[in-house]
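**Student:** Here is what each chain is made of, one letter per residue.
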Amino acid sequence: MAKFDHNDDSLVVIIGSGAGGGTLGNELAQKGIKTVILEAGPRYEIADFVNDEWPSFAQLAWTDMRTTSGTWQVAHDFPNLPAWIVKAVGGTSIHWAGASLRLRDWEFKTRTVYGHVPGANLLDWPISLAELEPYYAKAEFKMGTTGTNGIPRLPGNNNFKVMAAGAAKLGYKEVHTGNMSINSQPRDGRGSCQQIGFCFQGCKSGAKWSTLYTEIPKGEATGNLEVREKSMVVRIEHNDAGKVNAVVYIDADGNMQRQKARVVCVACNSLESPRLLLNSASSKFPDGLANSSGQVGRNYMRHTTASVYAAFDRPVHMYRGTTMAGIIRDEGRNDPTRGFVGGYEMETISLGLPFLAAFLKPGGWGRSFTSGIDDFSNMAGMWIVGEDMPQETNRVTLDPVAKDKFGLPVANVHFDDHPNDIAMREHGFRQGGAVYEAVGATRTFRVPPYPSTHNLGTNRMSEKPRDGVVNKYGQSHDIPNLFISDGSQFTTSAGVNPTLTIVTLAIRQADSIAGMMGRNEI
Amino acid sequence: MMRLIDRLPRLGRRRFLRGSAGALPATALLAGGVAVSATRVWAEDAKALKPGSAVTLVRVARDIYPHDRIPDIFYARAVLMLDAAAVSDNTLRDLLEEGVMRLDADARDRFQSPYLGVASESDRVALLEAISAGAFFKKVHGALTVSFYNQHELWPRFGYEGSSAEYGGYIHRGFDDIDWLPKS
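Protein sequence lines, in the order shown, are assigned to chains P and A. Going from the first sequence to the working numbering is simple: count from 1 and add 280. Going from the second sequence to the working numbering is simple: count from 1 and add 1.
Incorrect hints may have been included.
Heads up, simulated BS3-like pairs for lysine-lysine below, C-alpha to C-alpha not over 30 angstroms straight-line [what the hints assert, rightly or not]:
#, chain 1, residue 1, chain 2, residue 2
1, P, K311, P, K752
2, P, K498, P, K752
3, P, K523, P, K314
4, A, K139, P, K685
5, A, K184, A, K48
6, A, K184, P, K453
7, P, K418, P, K683
8, A, K140, P, K641
9, A, K139, P, K449
10, P, K685, A, K140
11, P, K441, A, K139
12, A, K140, A, K48
13, P, K314, P, K441
14, A, K139, P, K641
15, P, K683, A, K48
16, A, K140, A, K51
17, A, K139, P, K683
18, P, K641, P, K523
19, P, K752, P, K389
These are calculated hints, taken from the structure and not from any lab test. Just so you know, these numbers come straight off a predicted model, no measurement behind them.
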């Protein structure tokens with residue numbers, strides 16, 4: 281396994297090891313490019329994961345202090361937990377559910393298709409679906425996505441069967457167990473899904489794709505990739521010419537280290553990535569790195585989400601089997617006659633008893649609450665995930681007061697729902713409830729958003745430097761050897777789960793970086 | 002046929018006492034296990050709280066999360082976890098003791114009885130609602146959300162089967178065995 285010197289200035293340094301950073305690291309290593317990944321969290325293996333919601337949360341979740349503001353309900357329900365993401369090698373690709381959907385053609389050009397939406401900072405992506413299609417294909421092959429490459433879809437569990445039966449009654453047409461990066465048959469050295477449940481707690485069978493046990497060990501096997509766990513980057517440094525040349529981090533023993541770099545790629549998820557750029561402000565870049573547009577941290581998107589759970593007179597046992605292998609796609613279209621632009625998906629979801637108690641009605645108590653919990657075994661559940669509007673004022677900033685244990689300002693996450701988000705959520709609640717009522721639900725529950733798992737847009741792609749932070753390759757407009765490699769580069773959120781697109785962009789970015797390095801452009 | 006699980010597994014005293022909530026006081030063993038009347042015995046073993054306060058908190062816990070299928074011992078265990086946290090946290094202990102005192106005072110004002118003696122659940126709930134924005138209620142409610150529902154021995158009573166990987170998941174144990182949906 282590679283071990284690189286702190287003074288080696290020929291390296292690509294990637295900050296973060298999740299879907300973006302972990303994939304990019306492997307792709308570069310496969311091309312013979314020497315790469316270091318610095319990961320803030322520790323390295324677990326599959327055997328360490330636990331099928332127990334609270335202990336797993338304590339093991340995996342990023343629980344370092346963050347603050348919230350704005351009118352979104354998460355700020356009220358979970359004021360110091362705006363996001364439910366992972367701090368560990370493999371990042372949130374440990375926690376993700378596996379849903380792997382391509383953005384649709386029009387979702388790359390929403391400013392053009394939707395027109396001006398008051399209050400929204402819509403912008404077309406500087407890239408089209410056609411340009412990304414070859415890379416989507418590579419990502420689906422890499423991840424073993426069901427419903428692509430001749431890979432059969434997963435079998436449907438009880439929770440899916442309830443949703444599908446209701447969907448049929450309502451006349452929905454595009455209903456199946458999804459495009460899931462979870463093996464439905466043995467593939468790529470990993471076994472097939474055992475219907476364990478607990479997809480959010482780290483897959484105990486390894487059937488679900490995660491960079492932890494796919495990209496990262498493959499990259500390490502080349503001898504070109506070193507992954508340093510428990511290495512929290514606190515600052516990116518630059519030279520007099522304005523190119524980044526090193527990152528400063530706190531290592532596992534609490535010592536400050538400085539790693540020289542030829543190229544730096546930021547892949548810390550959409551809260552920490554802008555925080556790091558802002559915390560790296562210097563006399564040359566007083567507003568933070570890559571921030572001449574003022575867009576770093578802005579346009580924070582978290583998808584319009586909600587859940588609908590329903591109780592029936594007979595058992596469902598929704599938690600048995602793959603958590604999110606079930607989807608209704610008919611509402612994914614853009615049809616402004618519904619009262620909002622953009623679309624949403626309905627996907628199966630389930631929680632165990634401990635998390636249902638925490639999330640069914642945050643703050644709830646008394647018999648109206650507990651009678652719902654009493655129905656646990658007779659419940660079905662779905663998650664609504666749809667496009668949300670980018671707004672300049674929804675943003676990650678440095679908290680003026682709260683500091684982390686290294687004395688650095690923590691991220692404040694400000695979010696207000698856009699009227700379009702509210703209209704879409706209401707529509708999803710209504711349709712989701714109708715799906716279940718069509719097959720005899722005796723009670724439906726409208727469950728507000730969980731802490732955000734999809735965090736997007738805070739270093740967005742733009743054609744023009746004044747409109748965003750990075751270009752179509754994720755390369756910052758201001759600093760040519762500084763890249764963004766996570767979901768923060770999304771120009772708009774689209775109405776589908778983002779991980780497949782994050783992986784796709786990382787594969788493409790590796791090609792771009794290798795080309796630029798080969799031509800000595802960076 | 003759907004594979005259902007026994008909502009009331011035999012809960013032998015030894016197994017129960019080896020449960021996930023940690024070591025239990027020895028007197029609980031002597032008291033003969035899981036009967037409702039055990040609550041007061043448990044309360045005697047509170048380390049930080051006055052016994053009377055612990056008993057009141059068990060009643061408060063049930064009024065916050067009333068599940069008629071669940072015996073008092075599960076509420077008592079959750080309260081004893083709060084008590085254990087208060088052993089090394091005087092601020093928490095004071096918050097709880099003062100909260101119980103205030104609740105009893107409110108109960109005497111409105112119903113001429115301490116909280117435990119208020120017979121009607123709706124009257125007790127009204128007392129809790131009146132303090133539900135305060136630090137005492139928020140602390141007790143927030144702690145219970147985790148410590149009450151996270152008791153593994155509680156889960157089968159709600160039909161939740163818990164960890165499944167060690168049993169090979171549900172692929173051969175009913176992940177798709179629903180049998181009552183309408184034929185489409």
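**Student:** Decide if the proposed pair is consistent with the structure: K683 of chain P and K48 of chain A, CA atoms, cutoff 30 angstroms inclusive.
**Tutor:** Violated, at about 35 angstroms.
**Student:** Does the structure keep K139 of chain A and K641 of chain P at a Cα separation of 30 angstroms or less?
**Tutor:** Roughly 15 angstroms between the alpha carbons, so the hint for K139 of chain A and K641 of chain P holds.
**Student:** Need the status of pair K139 of chain A, K449 of chain P: alpha-carbon distance at most 30 angstroms?
**Tutor:** violated (43 angstroms)
**Student:** Regarding the pair K641 of chain P and K523 of chain P, is the alpha-carbon distance no greater than 30 angstroms?
**Tutor:** violated (49 angstroms)
**Student:** Take a quick look at whether K498 of chain P and K752 of chain P sit within 30 angstroms of each other, Cα to Cα.
**Tutor:** Holds, at about 27 angstroms.
**Student:** Hint check: K140 of chain A vs K48 of chain A, CA-CA at most 30 angstroms. Holds or violated?
**Tutor:** With a Cα-Cα distance of about 18 angstroms, the restraint between K140 of chain A and K48 of chain A holds, given a limit of 30 angstroms.
**Student:** Hey, K184 of chain A versus K48 of chain A, does the alpha-carbon distance stay inside 30 angstroms?
**Tutor:** violated (58 angstroms)
**Student:** Does the alpha-carbon distance linking K139 of chain A and K683 of chain P stay inside the 30 angstroms limit?
**Tutor:** Roughly 25 angstroms between the alpha carbons, so the hint for K139 of chain A and K683 of chain P holds.
**Student:** Between the alpha carbons of K418 of chain P and K683 of chain P, is the straight-line distance 30 angstroms or under?
**Tutor:** Roughly 41 angstroms between the alpha carbons, so the hint for K418 of chain P and K683 of chain P is violated.
**Student:** Hey, K139 of chain A versus K685 of chain P, does the alpha-carbon distance stay inside 30 angstroms?
**Tutor:** holds (27 angstroms)
**Student:** Starting from K140 of chain A, check that the Cα of K641 of chain P is at most 30 angstroms away, please.
**Tutor:** With Cα atoms ~17 angstroms apart, K140 of chain A and K641 of chain P stay inside 30 angstroms; holds.
**Student:** K752 of chain P and K389 of chain P: Cα distance at most 30 angstroms?
**Tutor:** holds (14 angstroms)
Consistency with the previously given hints fails for numbers 5, 7, 9, 11, 13, 15, 18, ordered from lowest to highest.
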